[in-house]
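**Q** Take a look at the letters that make up each chain.
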Amino acid sequence: MTDNGILRIIARFLIPFIMLFGLYIQFHGEYSPGGGFQAGIVVAAGWILFALIYGLKAGLEVIPEKAMYWLAAAGALIYALTGVASVLLGGRYLDFYAFEAFFNTPQAAQQFGIITVEFGVGLTVATVVMLIYTFFVRRKSEWDEVMRGSDAE
Amino acid sequence: MIDIGLLLFLLVVAIAIVKVRDLFAAAMLFAIYSLLSAALFAVLDAGDVALTEAAVGAGFSTILVLAVLALARRYEHPTGGHNLLALFVVGVTGAALIYATLDLPEFGAADNPAQIHVGPHYIEQSYPDMGVPNMVAAVLASYRSIDTMGEVFVIFAAALGVYALLSVKPRRRQFVLPRRPRSGKARDEDDES
Amino acid sequence: MDLLPQFSLATVVLLPFIGALLIGLAGRSATLRNALCWASALAFLLAVLGLFTGFQSGQVADQLVWELMPGLRIAFSVEPLGMLFLLLSSGLWLLATPYAIGYMQKGGYDHLNRFFACYAIALGSAAGIALADNLLTMFLFYEILSVSTYPLVAHTGTAKARGGARTYLGLLLLTSICFWLPAMIWVYAATGTLDFAAGGILEGQVSPLAAGAMLMLFMFGTGKAALMPFHRWLPAAMVAPTPVSALLHAVAVVKAGVFVVLKLAVYTFGLDFLAEMALSDIVLYTAAFTMLTASLIAMNQDNLKARLAYSTVSQLSYIVVGAMLANAIAATGAGMHMLMHGYGKIPLFFCAGAIYLASKKTLVSELDGLGRRMPVTMTAFFLGALCVIGIPPLGGLWSKWNLVSGAFDGGYGIILIAFLISTLLNIAYLLPPVLRAFLKPLPDGQPATVKEAPLMCVIPLSLTALGAVALFFLAGWPHALVSQIFANGG
Amino acid sequence: MNLLEWLPFIVLIPLISSGIVACLPGRFWPWAFTLLAALASAVIAALVLPEAMGSELSYPFGNWQPPIGIEYRVDAANAFVALLVAGMAALALPWAKASVDQEIPERQGAFYALFLMALAGLLGITLSGDAFNIFVFLEISSLATYAIIAHGRDRRALLAAFRYLIMGTVGATFLLIGIAFLYMMTGTLNLADMAERLPEVSDTRAVRAGLAFIIVGLGLKLALLPLHLWLPNAYTYAPHFVTVFLAGTATKVALYVMLRFIFTVFSPDYSFVVLPLSSVLMVLAVAGMFAGSWVAMFQDNIKRMLAYSSVAQVGYMVLGVSLVSAIGLTAAFLHLFNHALMKTALFMAVGCLAYRAGSLKIQSLQGCGREMPWTMTAFALAGLSIIGVPTTAGFISKWYLILAAVEAQSWWLVGLIVITSMMAVYYIWRVIEAAWMTERPEGATRLKEAPLSLLIPTWVLVALNFYFGIDTRLTVGASSAAAEALLGVPTGGLP
Amino acid sequence: MMTFLSFFNYWVVIALMMIGFYCVIARGNMVKKIMGLNLFQTSVFILFISAGKVVGGSTPILRDGVEVYSNPLPHVLILTAIVVGVAITALGLALAVRIQEAYGSIEDDHLGDEDDDAELARMNREGR
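Just so you know, the sequences run in chain order E, L, F, P and B. Going by our numbering, the residue at position 131 of the first sequence is 131; the numbering climbs one at a time, nothing skipped. Convert by adding 153 to the 1-based position in the second sequence; the result is the number in our numbering. Convert by adding 346 to the 1-based position in the third sequence; the result is the number in our numbering. Convert by adding 836 to the 1-based position in the fourth sequence; the result is the number in our numbering. Convert by adding 1331 to the 1-based position in the fifth sequence; the result is the number in our numbering.
Treat the hints with caution; some may be incorrect.
Straight line, CA to CA, 30 angstroms or less: simulated DSS-like cross-link-like pairs of lysine-lysine [to be verified]:
#1 K786/F - K797/F
#2 K706/F - K786/F
#3 K322/L - K66/E
#4 K706/F - K506/F
#5 K506/F - K452/F
#6 K140/E - K322/L
#7 K933/P - K66/E
#8 K66/E - K140/E
#9 K786/F - K707/F
#10 K797/F - K452/F
#11 K452/F - K706/F
#12 K506/F - K1197/P
#13 K707/F - K797/F
#14 K322/L - K57/E
#15 K506/F - K707/F
#16 K452/F - K707/F
#17 K140/E - K57/E
#18 K172/L - K140/E
#19 K797/F - K706/F
#20 K322/L - K933/P
Some residues of chain P that are not near chain L, with every Cβ distance over 12 angstroms (derived) [stated by the list, open to error]:
#21 S891
#22 V1131
#23 I1255
#24 R1309
Simulated from the structure, these hints should not be mistaken for lab results. Given the structure is predicted, the values throughout are model-derived calculations rather than measurements. Glycine included, every Cβ here is placed at the ideal spot set by N, Cα and C.
Turn these sequences into a full structure, and let the hints steer you where they fit.
**A** Dropping the structure here:
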């Protein structure tokens, strides 16, 4: 598939749009269907498309496996630590009204909280999907390598 | 009505998934099933769910199944006849479910318990409370935020699990029953995790 | 008097356990181990004697160690029956110590640290049973006794020993957990207490029928009393080295069993209540049946130790019968029989061991002519046999006398006859070995090299046999001791 | 800050720590951080327990009052279970170091992170007062559990994990169906709110079926016969540390949630009078006690034997519940706690054995008692506890169980309890006999005693078995308070 | 009273669930089992979502001119449940891959039954 020129060209155009769409879902989630999870999947889908066409190796050059792993943890921690922050500010866990001090209205504080945690969700989902995809697809090539190696033995 | 047709269609696809022995075909059918149920969700006013089901069921899950099929046999072993015990268990469960539906509230009625308790609060209060028009997002990320946090950790756990399982390098010798290792070297390598 | 140490009750119970710990840690030095064995036995005896003097002057206080739950206590107290049992076991432990050391070393056994440590634990648990203030404490030490004697029975580790030990532990735990424990919980549920009290705790609290059911559970649950059909463990335990058979299966373990029976009869059910209960007769007749059947079986055993084991089964039932006759005279007789049978049976086992050590003979039919080679041993055997049978001038007479008059007083004619027949059977199975040894000539072709067993074995067996004789003359004090229970209106 | 504000951190500390631990490199830091997290969680749980005795604490997340938001609602019953779970984790972790280093030399960050998630999931189920939140945390713990079971060295660990995954997910889906019915009938997910609104609709088929589905779903997690099939293999082939932790906690939490539904959400009058739940549970419990003990008697692999014994012990707990009395329920909670102590101790001892011996077949362990005396003594002592010898924790729970049966005049149950105890004697004794009363087979490798880092925690657990067998104030007090909290009535001074 | 449409809706959903459930317990192939699991769960999701539907209502996103909204709560729950489902699928399939490598099959009939404990243990020890 990596040799198919037409696909490459289409992908080159398509992938930015997919990413844009993902970001739109991510940050427009309060107004229309969508949110962190869907955005994460879409962004990951963009990357997967890239990896399908340019090869997994190229995909991993864009974002290395280690980075995915850490970002996945980071996303979950962003979510959790937002809650901790609200406790430190004197509220209950995940009580976004606690951020009111930084904003004009309580609603704004809530929206800030929602956007932050949704970002955490999106980050984790996107990286986890990429990570799982990486492992499953790479398994095949690793396996082929082993088979070849043992045949040569 | 559209959902009668959709439901029947779902039924057909589901039976086909169970019946078909070619796992590749089953995976494709499963993607169709997911898309159909996504359509059903959309009909039932659940836009967010529809989007997610389509992305996950028809996209991600299918890719994973295909990746597994690249490593394993594509065709399922035939199972000899019907599994009577399984049929019995399923029959009992189904009967219990049907028994339960006899008293369930009318589908779609506006005065169902689910529609008059708690639910309206979200519909009415989410905008005043947080100025977010998408009630699903409001409930998801604020009213029931801890659930969603749990969800994030579930998916993170899945990633860690897959990482732990599949970052172990595959070894040739695992195919055979490890009764008599062929050479000392192979034996050393066989040890895992 | 002041020379004797005055320990609290828990300390007395703890002494053998401490000894066991030290013996277990003694390492490879045989001298150190032997010294520790001696020291523990001696210390224990002194502590018991000290307790006895305190008891006589009424100075011993009850002791609460710990309260598990309201009404569930680990507590100790002392009363005449327990005192008697303590005196018996502590005295015989000291006498058995040289025998055990000699036997085990001469016999070339391994793992002696474990052996002597478990030996001491068993004695300690017997003391715990003797001093228990309530059913729970008694149950606790009863179970420790079962578990701690398991390694002793299985000591040699052969398949046969393990099989015997499995039967042993299996039956003892089975009966105690399946019958004793539920009965105890039932008593607790019914009365809210488990304490022993003079005159019993059950009267007026439960219906006679329920009490009867409890009695059955308790009596058959006390597997150590070897009531049929739960007597199998005792012959099975004969695979153990002889010192174990001697001290534990003639004294500590089985006496613990019948002690529990007596104690339950007197302090939980109360003799009066027991007499009212129709169901107690079932136990009574089962015991009488056991008494006769075990004697009959004993007659047909060629293996000397097995014969002695069945004899023990039979003799234990005397005590159970005594308890179930539910009157003061019979109960006194039962208490005394604990002591008398202990002193009568231990020389028999010692002798069996000595014979095995000296000549490797285990069967009655092989004893021909041995009396001339081992005169001391066989004489001791003779005295022990007479004591068990109950012939003057040996202590066994007095306990049997009391038992028989108890049966007479209670109007149990059948039991009276059973005692009579049983005594005849005693003669029939205990005297033949002696007669063979002294009257028959050595069979031809046998090397004449058999000599007396080592002194370490011969001295204890002579001493215990002499003790049995002495008890004939000193029977007054155990009688007085046991009678105290009933003197103050019990 | 007052204690209530700390309440959610019982769950949150392990959960958040898992994110951090996943990124820690090497072998020391993941373990140390995990230990700290579990300790902190246990300390908070210990502080909360006295507070929760006799009163209910409610912590609304996001400050949204229930039933709009999700709350943690804590009374004596779940505070007790939470302390048990967190405490067991904190006690098991010091033991983990050596064992995990040996079994899982690499990627320990991921392993400990998964462990923490399993722990946080269990704690979350325990504390949550919201039906769907229970489902989510159940899945966190389950998913993490499948993954850590699959870490076992034996390849059958993979199969065990897979089968557990299938059965566990079916169970969770059943739970979800039950929640769906209850939600459709009441319109709420909050348990307390649900309890208030249920009486109006309780006489409907949907609600009855809902309860049935919830019980079947939780029964799977609880390993109640005949839904126990996943347990023996999962326990046998999981890494030893995982078994140690799971054996003490996982089924207990499922039992607690079941009790919460039976007693609080539905009233006992409903569950046991309208539905024949009592007899169903009793039959299953008795069958579990018997079948579990029976099969355990014939196992060659010690770990598998103990796993079947766990099935039997779950039967004891459910039996206590099925007697529907204050004493019975107290007995169930007591056994829940005590069984955690004894099984953890036993599996720790077995882990010590495995650390040196490799194989856990009884035949290959003949004579090991003399080569590993401390390990085998610990095993024997913990075994006494499972048999129920006085002064051990096992005796106390057996005492209460029999007391409850006597009180209910069910003599046949008394008989069954003692008979299964005898079976326990048999299977424990088989190991002890092999360890001490037989000689080491010819040519067998000499075993060294396990390292102190394994032995000390094992002996701490053994000591606790005896401590709680002697000092019963805490356990009996907390258990009867828990029973009171569930029954909603004072039990009137238990004997 | 319930109308036919209601019953039809619920019963088809139940039929779907049972097909999935049957697939889980009766099929030996692990991939098929996981698919069955997904079928089962997805059908339960449909049940949940139907509980939130109000006839004549619309997607719960606040807009002018819309009076009746469907209940957003089930949607939220099912969003979470879908994520849980995909997590399980991923882990299950990863396990299937490893089982395929270790046994050469993913037909769960009697895999592992004849594994030799002693042999595996010895190899583990030597691998150490």
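**Q** Checking one constraint from the list: CA of K452/F to CA of K707/F, max 30 angstroms. Satisfied?
**A** Answer holds: K452/F to K707/F is near 16 angstroms, not above 30 angstroms.
**Q** Are the Cα atoms of K322/L and K933/P separated by 30 angstroms or less?
**A** This hinted pair holds, its Cα atoms lying about 24 angstroms apart.
**Q** Under the criterion that the straight-line Cα-Cα distance not exceed 30 angstroms, is the pair K797/F, K452/F satisfied?
**A** holds, 14 angstroms
**Q** Between K933/P and K66/E, is the straight-line Cα distance small enough, at 30 angstroms or below?
**A** holds, 25 angstroms
**Q** Tell me if the straight-line CA distance from K707/F to K797/F falls inside 30 angstroms.
**A** holds, 13 angstroms
**Q** Would you mind confirming whether the straight-line C-alpha gap from K140/E to K57/E stays at or under 30 angstroms?
**A** holds, 14 angstroms
**Q** Regarding the pair K506/F and K452/F, is the alpha-carbon distance no greater than 30 angstroms?
**A** Holds, because 22 angstroms separates the two Cα atoms, which is no more than 30 angstroms.
**Q** Can the restraint linking K506/F and K1197/P be considered satisfied, given a maximum Cα separation of 30 angstroms?
**A** Distance ~23 angstroms between K506/F and K1197/P Cα, so the pair holds.
**Q** With the threshold set at 30 angstroms, check whether the alpha-carbon distance from K322/L to K57/E stays at or below it.
**A** holds, 17 angstroms
**Q** Taking 30 angstroms as the top limit, are the C-alpha atoms of K172/L and K140/E close enough?
**A** Within the cut-off at roughly 28 angstroms; holds.
**Q** Going straight from one Cα to the other, do K66/E and K140/E come out at no more than 30 angstroms?
**A** holds, 20 angstroms
**Q** Going straight from one Cα to the other, do K506/F and K707/F come out at no more than 30 angstroms?
**A** Holds: K506/F and K707/F sit about 18 angstroms apart, inside 30 angstroms.
Violated hints: none; the structure is consistent with every hint.
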